[in-house]
Every structure is written in C-alpha cells, then in structure tokens.
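The residues making up each chain are set out below.
Number of protein chains: 2
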Amino acid sequence: MEPVDLTVDTLHASVDDPALNSMNFLNEVAQHYPDAVSLAAGRPYEEFFDSGVLPAYLDRFRRHLADDLGLSPAQVDRTLLQYGRTKGIVHHLISRNLAVDEGLTVDPETIVVTVGCQEAMFLVLRALRAGPADVLFAVAPTYVGLTGAARLVDLPVRPVRGGPDGIDLADLRAQLHRARAEGLRPRGCYVMPDFANPSGVSMDVAQRRRLLDLAAEEELLLIEDNPYGLFPAGDGDRPPTLKALDTRRRVVYLGSFAKTVLPGARVGYVVADQRVAGSDGTVGPLADQLAKIKSMVTVNTSPIAQAVIGGALLAHDCSLAAANVRERAAYARNLRHLTDGLARRFPPGGPVGWNVPAGGFFVVVTVPFPVDDALLHRSARRYGVLWTPMGHFYDDGAAVRALRLSISAVTPDRIDLGLDRLAALITDELAAVGPVRR
Amino acid sequence: MEPVDLTVDTLHASVDDPALNSMNFLNEVAQHYPDAVSLAAGRPYEEFFDSGVLPAYLDRFRRHLADDLGLSPAQVDRTLLQYGRTKGIVHHLISRNLAVDEGLTVDPETIVVTVGCQEAMFLVLRALRAGPADVLFAVAPTYVGLTGAARLVDLPVRPVRGGPDGIDLADLRAQLHRARAEGLRPRGCYVMPDFANPSGVSMDVAQRRRLLDLAAEEELLLIEDNPYGLFPAGDGDRPPTLKALDTRRRVVYLGSFAKTVLPGARVGYVVADQRVAGSDGTVGPLADQLAKIKSMVTVNTSPIAQAVIGGALLAHDCSLAAANVRERAAYARNLRHLTDGLARRFPPGGPVGWNVPAGGFFVVVTVPFPVDDALLHRSARRYGVLWTPMGHFYDDGAAVRALRLSISAVTPDRIDLGLDRLAALITDELAAVGPVRR
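Sequences listed follow chains A and B, in order.
Going letter by letter, the first sequence gives residues 1 to 438 in UniProt numbering.
Going letter by letter, the second sequence gives residues 1 to 438 in UniProt numbering.
These aren't lab readings, by the way, just hints derived from the structure by calculation.
Be aware that a few hints might be false.
The calculated label-pair distances, taken between Cβ atoms and stated as ranges, are [stated by the list, open to error]: (1) A:A399 x B:G281: 47 to 53 Å; (2) A:E47 x B:R336: 56 to 62 Å; (3) A:R414 x B:D67: 41 to 47 Å; (4) B:P73 x A:N355: 48 to 54 Å; (5) A:A399 x B:G131: 29 to 35 Å; (6) B:R248 x A:N355: 32 to 38 Å; (7) B:P73 x A:L417: 20 to 26 Å.
Glycine included, each C-beta is placed from N, C-alpha and C at the ideal position.
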C-alpha cells in the first residue's frame, strides 16, 4: 500500500472538478501521443518565435523608462527588479494600444496588469462572488478557464444559449429573471464577442448594441474577453469591441498578450472602470478593488515580464495589429485551409457539418455520434490525430456530438494530414453507427 | 455627486478587510512622505541592483536548456515563449538549490513554481479550505500576506502565541483542542521559524523538533515560510529548516527568490510532498493538486521570469548562500547598526525595549504608549521617519504598544538619521504620557 497523508475529498472541491481536470486530461492525451497531429492545441503559432528578441524588448523598455519617462538609472533598475506598483507598470502603454488598435479611450488608472488573462478572470470573479446567492452567466459553450476560475471561488456558472448570433438575448433575459425569482443575484455575464473559444462565432455590431442595451436595462455587468479579436480572416473592418461601444460602464474588458505578443510573458490585463463607492465614502474604479485582491494573489505582475511586453508594444508604436501582420496572415491562411479541407473531405448534405468562422483559431465540427474522451483516445491511438471534445466546454459533463478543431499551432501540411486522419476516424464511426438522417 | 456603479458591500468581503488594506495604507503613507526615512519597507537592498544582468541570466538559462538538457533551438524558444508546464521549468534547479543550501532532498515533482511566494500561500490555503468548519492557525504576530490570502478563501486564521521560542507549543495544542471541541477542522499552522516577519524571532533546533512531534501527534500540517533564512547576522551554522527535519511529510515548505535573487521576477515556490489519494484511487503529491488550482489562477509562472531565476541559480552553482555573500554582510551590518543605535539612544532599564534578532530584516521596538496609524502619520509628517505599527500584524485591529523597524532597504547613514527621528518622536510621546513604570 502506498502511504497516504490526505484524501482529495478533504481539499477544496475545485481540485476534483471536471473544469480543473479538463486541461490536464487534454494535455496528458497530447503527451501520450506525441506523434499525433494536434488540431487540439489553441497555442499561438511558433514559426515566428525567437527568444533572442527578449533582450531587445527589455532594452527598449528600459530606454523608454529613461528617455520618455525621465527615470534615473537607479530608478530604472528599481522599476524592473524591485517590488512595484500592484496595478502594473505598462498600463499607459496598454491604454495607448487600446486607443491605436481598438479606438478605445481608457484611463490607465482603470487598468490592472495581470499574470495572464487568467488572473484577470480570477480577480474579477473573486471580487464579484460575495455570497452564496451570487451567480454568473456565460455563453455556452464556455472557455474552460472561465469555468475553472469560477469554481475556485464557488461561483455557479449558468449557461446562456449562444447560437449563430453569439448570444441568445431572449435566453439571457429569461435566465436573469429566473435566477432573480429564485433569490439569486446575477453578478455578470461572460462573453467572447470575437471569434469565440470554442465556438468560433462572433457577434455583429447590432447584436453588440442590443446586448449592451439589455445589460443596462437589467443592470448586468458584461465580462468581455477578447484574446482573438486581432485575427480576422478577412480584409474588412473589425467590429468595435463591446467596451468601445460601452457608454454606461457596463463592460469589464479582459485583455491578453498571449496571442498577440507571446504566452511566456504571462501578461494580460483587465479594464475595470466601474465606479465603486467604498465603505468610507470614497469612490474609485473597480480596478482598485481588483488590485487589492491581486496584492494577496501575486502581489504584482513581474515587471520583467511586463517590460518584455512593454518593449514589444513600443517596438510597434503600440499597435499589435501592425505587430501581427505575419501572424494574422498565417492564421487566416490556416483557417481557410481547414474549412476548405473539410469541404473537400465531407460532401455537402452529408452527416458532417462545420461552421466557417470569420477569424480566430477555432472551428466546430458536428457529427451524428457522441464525441467523448474515449473517442479522443481512440482517435489519438489508432488514427494519430488530436482534437477537443466539445463536451469539455459544457458544464454538465454530457457528451456532445461535436468537436473543436484549432488552426493556430499547425502548418497547412499538418492540417491536411490531420484532416485525412480525422476523415478516416469519422468514416469508421459513421459505418459503426449505420445510416444517419441529418 | 460622483456617479457610482457598485458599492463595496456588494463585493467579496476581503476587499474591505483590514488585512487587504494594510499594505495599501502603508504604501500610501510612504508615497505621501517621500522624503521620510523609511524603516518600514521590507524590500531587499538596492545597492547591488543592476538590470543589465537580466540578458546574461536569460542567456545562461537558454544555454542550460540547450547544453545540459539537450533541447533544440526551437525547443528552447518554445520553452521560454510558449505556454508551458504548470508546475514550472526551474523545479530541478530549485531542488538542487535546496540540496546545496539546506541539505534538503526534494523530488522536483513535488515542487510548484509560483508567481512569488504569495501565490504559493494562496494555492495552499485555497486547497486546504474546503468548507466552513476549516480553520488555520498562525503564529502571531503574523505576516499580513498570509492573513490576506486566507481572507480571499474565507479561511479564518486563529493566532497562536509566539513568544521568545518562536511558537508557544502549549498554546498551539490548547487551541487545536479547543477548535476541535467547537467542531472546527484545523487545516494547518503557518510558521516562519527563521527571523520571522515581523517579530524577528527564530526557533532553535530543539523547538523545531518539538513542533514537528506535536504536528505528527495532532495530525497537523505545518506551513513553513522561509524568506529570510539565508540572512543570519552571525557566523554560526544556520539551523536546519523544519522541512529538513521533517521525516513524516508534515511540512509544506514555501520558498521565495524575492530576497535572494530579485523581487521583480515574481518567482517563488512550494514544496508539497504530502501524498494525496484522488477520488479515482490514484495517489500523487499535493503539488499536483496545487498545480490544478494554479492552472486556473495564473496558468503557469512566466517561463521568462523563471529563466531569470534559473540563470541566477546556475551562475552560482545553485547556491544562493554563495550568491548572497555581499547582501548577507550588508543586512548583518545594518541589523547590528540598528540595535547598537537603539542601545545608544535608549538607556537600559528605560521604558523603550527591543529584541536583538539573530538575523533577517526586522526588529520590534516596544514602547509604553499605543502605536497606531495616527501615530505613524504624525511620525511621517512631523519627524520624517516611517516604520510599521505592529497592530497591522494582529488580526483584531487593536493598537499594539510596539512598532516594527526594517533594516533591509536602508544604509547605515539612513538608519542613524531614522533612529534620531524616531528617538525624537518617542521622547515627545513619553513626555506626553507622563512618567511610566515598566
């Protein structure tokens, strides 16, 4: 018998929750089958990675501190190496970036620079979950990082129908009323209006305005997550973010540099300009309350990591759209390659369907049989291709007849190989389930 | 009237808690009086800071990945820039460091590299707080970061008497029994056996062994925090850490590189080798459960920040004792300078007392009048010296007749100036309160 000191049931329930074990499971499958083609990973493209740029970015930010902000050499060293401002040291550059790329005017004091967007989510949910009557809404299927963060603070997440418009507003309103009738307090609704993970669906501008109107009427906070907005596949204008349309401070905006600069810096941020009245009568931005929580989670985001991001921003005049011309083209090419490849392999009118997102990293394929973890294992072992069962993005644990394909970390050649293998799997599964009516 | 969107009482109670506002308050006082001598800040000494070393550390770690671990250039880039292992990428170097400096044998798989030691605390407390009957113990006075992290997970912290031995074991045992009699479940006891913050007190080896025996008898987890252990003021051997004496896996060990390398990397770690039985019957280290939580808080610690720490470790053959010869001498000099300076300014047998710690950053001065935030403001404004009211380290909010002085971020000249000003304040306060019997 192996010695045991603790049993998992004596620990916080989150550690045994599917939401926290989902990523682990998917990573383990990927590790067990290293030769499989991965259409599962949502990691950014690596072809342009070069860790040799890090000293240049650091140096660029050091020069900014000295030349633009007038810091002495000792102050520069202190800024990079010492404990520092809880809300961060690249907030002014983030504010500039949001102005340049999103036409968004943001007071830098309403920004908290976080350890990746994940910490931003955690801080917001920790602040909003004050008691057992609190409940969060999220468009389903939902990014598992949101569900996981909610688990850590014991905040229930109720799914809102997504659908082709990105969010079913009638369902959201009905759910809000139902929750209130149950004595619950809706604290917010999590949305990803641009090329959502995992659905790939976007909201058009009219839908964004309707959602904002509903949020104002229902006094609902919207938590807008925007990791993929800079990667449209087409050439048209990008629609404004919810935050850019938000004249009533109903939107908390979550930002990430993982896809637009690099994941390894672990730098994200939250814009929280909501005015909060303190118990002492003072009024300040929600960002200041989030910063208090952050001071007890990570103290502050590594200024070295922030300097890398700051240097990258400065190197491109704070435009990440400009910085990501190559990456955007690669993602657009891959997305087209994948959906074209699906069309070549699965005849129209057949039992296999998929959406054609306007950008981002993800495509959802629907099939007429349940897609579960056992099928993923079989796909990896026998067919050599990885993808993500859509069931991982629903909270009820049921198998869903759909799978998510990711185009971000692969080349067109690998997409072809992966689709050939996926087609073989699907063909065999279809044969096993027999004739299917759509 | 300023517009208000939310009131603080609708947010999680932690944001309005003294523990989370304490650091903010102290930072604000420091910012309001930038010319005051700060004997408050526990930040590391800055004289040896040089942000120019960062590229060298990064390069040292990149060469380690390539030369020692055999990674290809693409794998090196991926390791530094891409999403990565939740438990970290410098765990093997931390394990080596603990062997070299602490004579501690640690399986690298039981280490989680965290965003500073603060995240390590948060992860441990989040895992341990499973329900409303859970309670934590901590030697009082207590580091406010521990109390704050406990607030975030609604975990009550009960104070255990510290005293000259570092912890009053009879009080700990009585408190455990009392809590259990109340139907509560003690989840652990937080201790800082080496040069504690804020008390400066250390436990001797015999006391450490007694504490470990008590923990085994009472099935209590000890959470050992050791940020200052490498900074003894004398020349004798350092006592072994609790973890080095722990043969029964009763100790979760928290480590920090903030004082031994640099705070700006925001890299710490936790050693959690407790064997946890999962609901599926598998047994693994507590570290794996903490990693699941971490995946929903910060995903992983920035590999760039880890590379800086890894490079610094490699540059000194993984010995931080060797890396900190200059720093240790500076802290020892400052500590002696401060206690000698107190002795020169306050006559023996008088109303002012202080301890003479064997190392670390902090000295506690006791006075015969209440020391509160108002006195700190007056001290800053009229006398130009900052320190920390000891009341901030007790959870009941009462004013304590003691203040904490820190020697870490000042020079001997500034210590002299600060003590002159502190002596003036104390003299005036003593005159105001009239004759005092000790």
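So, going through the hints one by one against the coordinates:
1. Checked against the given bound of 47 to 53 Å, the beta carbons of A399 (chain A) and G281 (chain B), roughly 24 Å apart, lie outside it.
2. The beta-carbon spacing between E47 (chain A) and R336 (chain B), approximately 57 Å, falls within the hinted interval of 56 to 62 Å.
3. At roughly 30 Å, the beta carbons of R414 (chain A) and D67 (chain B) sit outside the given window of 41 to 47 Å.
4. One distance hint, 48 to 54 Å for the beta-carbon pair P73 (chain B) and N355 (chain A), is violated here, with the actual separation near 37 Å.
5. In this structure the supplied range 29 to 35 Å holds for A399 (chain A) paired with G131 (chain B), their Cβ-Cβ distance being about 31 Å.
6. One distance hint, 32 to 38 Å for the beta-carbon pair R248 (chain B) and N355 (chain A), is violated here, with the actual separation near 56 Å.
7. Distance hint check: the CB atoms of P73 (chain B) and L417 (chain A) are about 24 Å apart, consistent with the given range 20 to 26 Å.
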